[in-house]
Amino acid sequence: MEYSIRIGGEAGQGLQLIGGVLAKYFVRAGFYVFSHQDYMSRVRGGHNFYQITFADRLLESVRDTYDLLVALDLPTIALHRHQLNNQGHILYDQASCGGKQEGEEFLDIPLALLVEELNAPRVMVSSASIGAVLAVLDLPLAPFQGIIGDFISKKTEEIVASNYAVANAAFVYARAHYDTIPSVPVATLADAPLMLINGSQAIGLGALASGCKFYAAYPMTPATGIMNYIAGKAAKYGIVVEQAEDEISAINMALGASYAGVRAMTGTSGGGFALMTEGLSLAGITETPVVIAEVQRPGPATGLPTRTEQSDLLFVLHGGHGEFPRVIFAPGTPEQAFYLTNKAFHLAEKYQIPVFIQSDQYLADCQWSLADFDSRLLYQEDFRLRGELLVGLESYQRYAYTESGISPLAIPGDSEHLVVVDSDEHDEDGHIIEDAPTRNLMVEKRLFKKMALLREEISPPLYYGEHNPQAIVVGYGSTFGVLKEAVEHLAGEFKIGLLYFSEIYPFPLLEQFDYVALLKEAPVTICVENNATSQFARVLHGETNHRCTYLINKYDGRPFTLQTLIGEIHAYL
Amino acid sequence: MLTFDDYKGQQPSWCPGCGNFAILNTLKKVFVDLAMQPHQFTIVSGIGQGAKLPHYTKCNTFNGLHGRTLPVATGIRLANNHMTVLALAGDGDCYGEGGNHLIHAIRRNINVTLLVHNNQVYGLTKGQASPTTPQGRVTKIQPSGSLSEPLNPLAMAISLNCSFVARGFAGASGLPFLQEIIKEAIRHEGFAMVDILQNCVTFNKVNTFHWYKERAYELEAGYDPTDRVEAFRRSLEWGERIPTGIFYRNDRPSYEQGLTVLKEDPLVKQALFRKDMSAELAQLH
Ligand SMILES: Cc1ncc(C[n+]2csc(CCOP(=O)(O)OP(=O)(O)O)c2C)c(N)n1
Ligand SMILES: [Mg+2]
Chain A
1 MEYSIRIGGE AGQGLQLIGG VLAKYFVRAG FYVFSHQDYM SRVRGGHNFY QITFADRLLE
61 SVRDTYDLLV ALDLPTIALH RHQLNNQGHI LYDQASCGGK QEGEEFLDIP LALLVEELNA
121 PRVMVSSASI GAVLAVLDLP LAPFQGIIGD FISKKTEEIV ASNYAVANAA FVYARAHYDT
181 IPSVPVATLA DAPLMLINGS QAIGLGALAS GCKFYAAYPM TPATGIMNYI AGKAAKYGIV
241 VEQAEDEISA INMALGASYA GVRAMTGTSG GGFALMTEGL SLAGITETPV VIAEVQRPGP
301 ATGLPTRTEQ SDLLFVLHGG HGEFPRVIFA PGTPEQAFYL TNKAFHLAEK YQIPVFIQSD
361 QYLADCQWSL ADFDSRLLYQ EDFRLRGELL VGLESYQRYA YTESGISPLA IPGDSEHLVV
421 VDSDEHDEDG HIIEDAPTRN LMVEKRLFKK MALLREEISP PLYYGEHNPQ AIVVGYGSTF
481 GVLKEAVEHL AGEFKIGLLY FSEIYPFPLL EQFDYVALLK EAPVTICVEN NATSQFARVL
541 HGETNHRCTY LINKYDGRPF TLQTLIGEIH AYL
Chain B
1 MLTFDDYKGQ QPSWCPGCGN FAILNTLKKV FVDLAMQPHQ FTIVSGIGQG AKLPHYTKCN
61 TFNGLHGRTL PVATGIRLAN NHMTVLALAG DGDCYGEGGN HLIHAIRRNI NVTLLVHNNQ
121 VYGLTKGQAS PTTPQGRVTK IQPSGSLSEP LNPLAMAISL NCSFVARGFA GASGLPFLQE
181 IIKEAIRHEG FAMVDILQNC VTFNKVNTFH WYKERAYELE AGYDPTDRVE AFRRSLEWGE
241 RIPTGIFYRN DRPSYEQGLT VLKEDPLVKQ ALFRKDMSAE LAQLH
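Top line first, the protein sequences correspond to chains A and B.
Here my numbering is used: the first residue of the first sequence is 1, the next is one more, and so on.
Here my numbering is used: the first residue of the second sequence is 1, the next is one more, and so on.
Next up, chain B with everything else stripped away, as it sits in the complex (with noise of 0.2 angstroms):
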C-alpha cells in the first residue's frame, strides 16, 4: 500500500502561501487514490514556478524547457502507451510559448493529462501579464494596463472538441473537488486538460484565494458534460460566480488507438533491430 508520504520529494522553493502547495498535496492524494506506483508514471513539465513541482514528489521526470511539455510528453507516450502521462505547465507556459502545441494535442487527443497551474500572471519572472491577466491588469511592463483580451482556456479547448475540459480551485475549500477532477482526467482514455485557478501570493494581488472563493462554485449535480454547447455556454460565465467542475466531455479515440503498431506492444517493446535488409534493397533495384 502506497501512503501520502511515499511521494515525499525534495524541498519546495515555492513563496510560502503559494496555490502551488495545495496542487502538489492534491495530485499526492491523487496517487494514493489511484495506487499510481511512482516508476509507472513520468511528469513532465516546462519552466515556471508550477512546473518545478515533479521534483517535489516522487516520479519518473522531464522537466523540459519553457512551453514544450506538450511535445515532450506526446513523443513519450508514442514511445511507451503504458505509461502514465501528466503535464504540467503555467498558464505562460502553456498558453502562452507553448499555445501552437496545446491546440494540436487537443486534435490529436493524445493521452495525456494536462494540469495548467493558472495564477494569470509570469510568475518566475515576477509579474508580467500572462495569456489570462484580465484586460487594464498593471505590472511593471504593463503601466498603463494589459490591452489585450484575456484568453478563455476552457472555450477554446470546447471549441476543439477536446475530449476531457475541466477546471479546478486550488483554495482549500476547492481541494476535495479538485482531486476528484484530477482522478478522472487521469482515468479518461484521451486528452484531459485540467485548468487550476491558483493564487499567486507575490505577484497577484487581486485574483487570491479569498477572491476565487467567493465566486467558485461547483457545477450542479444534474449538470451534462456530454452536451458541447452548454459546456461551451457555461466556459463564458466569469466574473461574479465561477464554475468548476468538468465541463465537456467525450470518447472519441485517442491518438494512440489509431496507431496500428502499438496495436501489440508499446514501441520501447518492440524488436530493437533489424539484421536483414535485403527487401528494402532490392526494392530499389
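This is chain A alone, in the form it adopts within the complex (with noise of 0.2 angstroms):
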C-alpha cells in the first residue's frame, strides 16, 4: 500500500515548508517515504513541486502518478491533473485558483480565508494547506506542533501557536465538509524511528566522521546543499568552512590545508569543476589526499541550473591534465553516500590521492527514510605521520621510493623534517628535477604502483536478480533506486536482474564477483543513464569490452520515473 501526494505552485509560496514538514510528519508517523523536488532556477514566481511518496515497505523511487494533488495555484491543476490517480483528488483554494473548480476530484478549501479570519500573516496559508491535507488523510493533527518548529526562521512559542491555530482551523474546515479518503495504508511504525535525510546531507555527514577538518567551496547549485551542512556543524566538529573566491581557489585551499595536515574536502557541479581541473591535476602530483564532492546537473555550461543528469562521468574520470590515479564514486542512496563518502576520506588519505563522491540534483535533493547509520562500519585510521613517530626519524623525503608507491606523509613543522612538495616533477626530496630517469621513476610510483594496490579496494558491484536471467539492467549512480524497484516488479513476468555500479572507477576486478560472465551469458543487456550518451556504457565496452544490446537514455533534466522507466524496460523484453 502507498499514497502519493504532488504540491505544485510558484516558487516562494511555501512549497519547501509544506513537502518538508508533510515528509517529516509521515516518518514520525512510522511510514517510509521518499520525497523529490522540481524547481527552477529563480527566487519568486514560475512553477515547482515537490512530491512525497509515504508507504508501509521501502521506497526508493519518483512515482509518475499521484493520489492527492494540492494546488496552490491554477497553473498547478492544469499541468499536473492528467497524472492524478483514478480516485485521486485535488486539495485547492478558490482563492488563488481563479475561483471555483468543477469535478468529484476537487476539495475546495478556503485556506487563505481561514487565515484571515484568524489574522494571521499570509504565509501560514502554508501551515493550513498541512491541516486540510492531514485532514482528508484521517491523520491526526496533533504531530504538527511538533515539526513545524524546525521549519520556520523564528521559532517562537507564539508563531508555533499560532501556525498550529491556523493548521487547525483548516483541519476542522476540511473534516466538517469533505470525508476522508479510504486508501491511505496504515503505518507500520518501525521499531526504531526513521532517518529522513537527503543526499547531500549525507555527504556532509560522511565528511563529519571521516575526520574532515576543512571545507572550501564557491556556491553552486546542486552542490551547495553538502556545505550547509557542513557549516551548520562547523562549530561542534571543529571545522573550518570557508567560502573560497571560485573554485580554483576552493580546490587549492583545500590542497594547502591537506598539506598542512587535515583531512580536507571540496564540493562543486560540473561548471566550477571545470575550473578545479588544474588543481585536480596538482593534487595529482603532489600526491596531496582531497575529497571533491561533484554535484552533476545538466551541461553544456549553466545547462539546466537545478535540474538533474548523469552526464560528467567522463569528465570526471578524464578531468585534469596529465596522468595520475584517482578513485571515482557514485552512491545510488543516501546510505550509499555516507560510506562512499568515508571510504573517499579513507582512500584519498591512505594513497594521497584525490577521491570523487560523484552525485547529482537527484540524490541532493530527494529525501529517503532510511535506518540509522552504523558508526561501527566507518573506516576510522590515521595515516599521517606525525608526532614522536616523525620525531625520531632520522631522514625524511615526501617523495620516497617504496615498495607500495606510497610515500610517508609528513605534517609540516611537527618535527624537524622539512615537507617539500612542487607542482614540477620533482625527487624524492620534492626538489625540481627534468632527468628522464627521475620522471620514470616518479610515474611507475605515483600511478602504476599505487594504481594497481587501488584496484583491490574497491568493491564489486551489486547484483539483485535471478542466476541465469534473460535480461540484465545494468545502471550506475543516482538510479539505484528506481531501477531496483523496476526490476523487482518486472521480475513478476521476466527472468531479470539488475547489475548495479556505485564504486566507478578504478574498475572492479572480477576475482569477487565475475559479472563480465554474468552479462555476457544474458541474451540482453540494457544500460540505463540519465544521460545523452550513455557515458557509464562506454565505460564499461572500454573497460570490459562488454557491450550492452539496448540503450536506455533520458536527458530532459529530469530523473526517471517509475512507471515509466518499467515500460521503457519492458518494450526491450
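Calculated from the structure, these hints are not laboratory results.
Glycine included, every Cβ here is placed at the ideal spot set by N, Cα and C.
Hints may be right or wrong, so weigh each one.
[What the hints assert, rightly or not] According to the in silico footprint, chain B covers these stretches of chain A (three or more CB under 8 angstroms from chain B):
1. 202-209
2. 223-235
3. 239-246
4. 367-378
5. 415-421
6. 428-437
[Claimed, not checked] Subject to a maximum C-alpha distance of 20 angstroms in a straight line, what follows is the list of computed EDC-like cross-link-like pairs (lysine to aspartate or glutamate):
7. B/Lys183 - B/Glu220
8. B/Lys58 - A/Glu394
9. B/Lys269 - A/Glu104
10. B/Lys8 - A/Asp429
[Stated by the list, open to error] Stretches of chain B that chain A covers, calculated by requiring three or more beta carbons in the stretch to come under 8 angstroms of a beta carbon on chain A:
11. 31-40
12. 43-54
13. 68-75
14. 120-131
15. 256-267
16. 271-284
With the hints as a guide, bring the two chains together.
Laid out in C-alpha cells, this is it:
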C-alpha cells in the first residue's frame, strides 16, 4: 500500500515548507517516505512541485502518478491533473486558483480566508494546507506542533501556536466538509525511528564521520547543500568552512589545508569542477589527499541549473591534465553516499590521491527514510606521519620510493623534517628535476604502483535477480532506487536482474564476482543512464569489452520515474 | 643559533645578475634575524623565476601552480595557524593569473606574508608584458607596445584596506631596508604585501638596477603609515622618484582571530575522529 502527494505552485509559495513538514510527519508517524523536488532556477514565481510518497515498505524512487494534488495556484491544476490516479483528489483554494473548479475530485478549502479570519500572516497558508491534507488523510494534527518549529526561521512559542491554530482551522473545515480518503495505508511503526535524509546531508554527515576538518567551496547548485550541512556542524566538530572566491581557490585551499595535515574536502557542480581541473592535477603530482564532491546538473555550461543529469562521468574520469591515479564513487542512496564518502576520505589519505564522490541534483535533493547509519562500520584510520613517530625518524623524504608507491605523509612543523612538495616533476626530496630516469621512477611510483593496489580496494557491483537471467539491467549512481524497483516489478513476469555499480573507478576486479561472465551470458543487457550519450556504457565497454544490447537514456533534466521506466525496459524484453 | 649557512638550499638556476639572488640572500638574513627554524615556517610559491626560491633555501615548501599561491597559503594557515606562512610570487603570477585571489586574501586579512618579485615582465616565459609592464613597452607579443595601463599594486592594496602594504628595492643600496621591511611584514599579524622592485637582466632592459637606484628613496622618518589617504597619495608617486618603505598598516583583526574553532588549538592539533554520531542521526529523525 502506498500513497503519493504532489504539491505544486510558484517559487515563494511555501512548497518547501509544506513538503518538508509533511515528509517529516509521515516518517515520524511510522511510514516509509520518499520525496522529490522539481524546481526552477528562480527565487520567486515560475512553477515548482514537491512530491512525497509514503508507504508501509521501503520506497526508493519517484512515482509518475499521485493520489492527492495540492494546488497552490491555477497552473498546477492545468499542468498536473492528468497524472492524478483514478480515485485521486485535488485540494485547492478558490481564492488562489481562479475560482471554483467543477468536478468530484476537487476538495475546495478556503485556506486564505481561514488564515485571514484568524488574523494570521498570509505566509501561514502553508500551515493551513498541511492541516487540510492531514484531515483528508484521516491523520491526527497533534504531531504537526512538534515539527513546524524546525521549518520556520523564528521559532517562538507564539509563532508555533499561531501556525497550529491556522492548521487546525483548515483541519476542522476539511473534516466538516469532506469525507476522509479511504485508501491511505496504515503505518507500520518501525522498531526504531527512521531518519529522513537527502544525499547532500548524507555526504556532509560522511565527511563529519571521517574527520574532515576543512571544507572550501564556491556556492553552486546543486552542490551547496553539502556545504550548508557541514557549516551547520562546523562549530561542534571543529571544522573550518571557507567560502572561497572561486572554485580554483577552493581546491587550492583544500590542498593547502591537506598539505598542512588535516582532512580536506571541496564540492561543486560541473562548471565549478571545470575550474578545478588544474588543481586536481596538482593534487595528482603533489600526491595530496583531497575529497571532491561533484554534484551534477545538466550542462553544457549553465545548462539546467536546478535539474538533474549523469553527464559528467567521463569529465570527472578524464578531468585534469597529465596522468595520475584517482578514485570515483557514484552513490545511489544516502546510505551509500554516507559510507562511500567515508571510504573516499580513507582512500584519499591512504593513497594520497584525489577521490571523487559524484552525486547529482536528484540524489542531492531527494529524501529517503532510512534506518540509522552504523558508526561501527566506518573507516577511521590515521595515515599521517605525525608526533613522536616523525620526530624519531633519522631522515625524511616526502616522495621516498617505496614498495607500494606510497611515501610517508608527514605533517610540516611536527618535527625538524622538512616537507617539500612541488607541482613540477621532482625527486624524492620534492625538489625540481628534469631528468628522464627520475621522471620514470616517479610515474611508476605514484601511478602504476598505487593504481595496482587501489584496484584491490574497490568493491564489486551489486547484483539483484536470477542466476541465469534473460535480461540484465545495468546502471550506476543515483538511478539505483528506480532501477531496483523497476526490476523488482518486472521480476514477476521475466527472468531479470539488475547489475549496479557505485564504485566506478578503478573499475572493479572480477575475482570476487565475475560480473562480465554474467553479462556475456545474458541474452539481453540494457544500460540505463540519465544522460544522452551512455557514458557509463562506454566506460563498461572500455573496461570489460562488453557492449550492452540496448541503451535507455534520459536527458530532459528530469529523473527517471518508476512507471515510465518499467514501460521502457519492458519494451526490450 | 642559526646562521646564514643553515638556510643553504639547492643551487639556483637564475641568470647571473638576477635580482632574485639579492632577494634570496635578504630573506636568509631575515630568517637568521628572526631565528626562524626551517621547519617552523612554510613558503608557498607559484610558477615563475622568482617562485623557484623556496628550493634554494631550507623550509617547508609548497611550490604549487602559477597564480595560486594565496589560496594554498590560506589553506595552510587555516589548518595550522601556528605555522608561519610566506607566499612568493612573480608580478605575472600574483597580479595577473592570481589577481582575484589577491583581492580576497587582502579582504580576509589572512596572516600570510606575500612577497612579490616584481620585475615588470614575464621572466620564465621569456619576456611578455606583465600587469606591471609600463604602457608602450615593446615585446615580442606586443610589437607596437603594451596598450594597457600598468597596475599599481600598492594603490590597489591600500584601497582595499590591506593591513600591511610595503615596497622594497632589491638593488644593493635597497637591501638593508628591504630586510627590515620583510621582518616587519612577517611580524605583522594579518595579511602583509611587500612589492619588491627587481631587475630582470635578460628581458627588462629598461628597469635595470641602475634605473631603480636613480629613483628609489626611503619614505621619510616622520611618515605616518596609519594615514590611509596619505598612503594612497604616496602610492601614486612613480617616475622620477619612487618611494620605498611601509606605506600603510592597520591593526584590524586577522581572519584566524575571527574563527572560534581556532581559539584553542590549530585544526591540525585537534581530535581526529569522533566515534559517536548519534546526535547527528537523531536530528534527522
Ligand atoms: C596556468 C598557467 N599558465 C601559464 C603558465 C606559463 N607561465 C609560467 S610562469 C609565467 C609568467 C611568469 O611571470 P612572473 O609571474 O612575473 O614570474 P617571473 O618569471 O617574472 O619571476 C607564465 C605565463 C603556467 N605555468 N601556468
Ligand atoms: Mg615577473
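Against the structure, the hints come out as follows:
1. 202-209: holds (count 3)
2. 223-235: With 3 residues in contact (Cβ-Cβ under 8 angstroms with chain B), the coverage given for the region 223-235 of chain A holds.
3. 239-246: holds (count 6)
4. 367-378: holds (count 3)
5. 415-421: Coverage by chain B holds for the region 415-421 of chain A (7 residues, Cβ < 8 angstroms).
6. 428-437: n = 3 at 8 angstroms, threshold three: holds.
7. B/Lys183 - B/Glu220: Holds, at roughly 19 angstroms.
8. B/Lys58 - A/Glu394: holds (17 angstroms)
9. B/Lys269 - A/Glu104: violated (67 angstroms)
10. B/Lys8 - A/Asp429: holds (15 angstroms)
11. 31-40: holds (count 4)
12. 43-54: holds (count 4)
13. 68-75: Holds: 7 residues of the region 68-75 of chain B have a Cβ under 8 angstroms from chain A.
14. 120-131: violated (count 0)
15. 256-267: holds (count 5)
16. 271-284: As far as the region 271-284 of chain B goes, the hint holds, because 11 residues have Cβ atoms under 8 angstroms from chain A.
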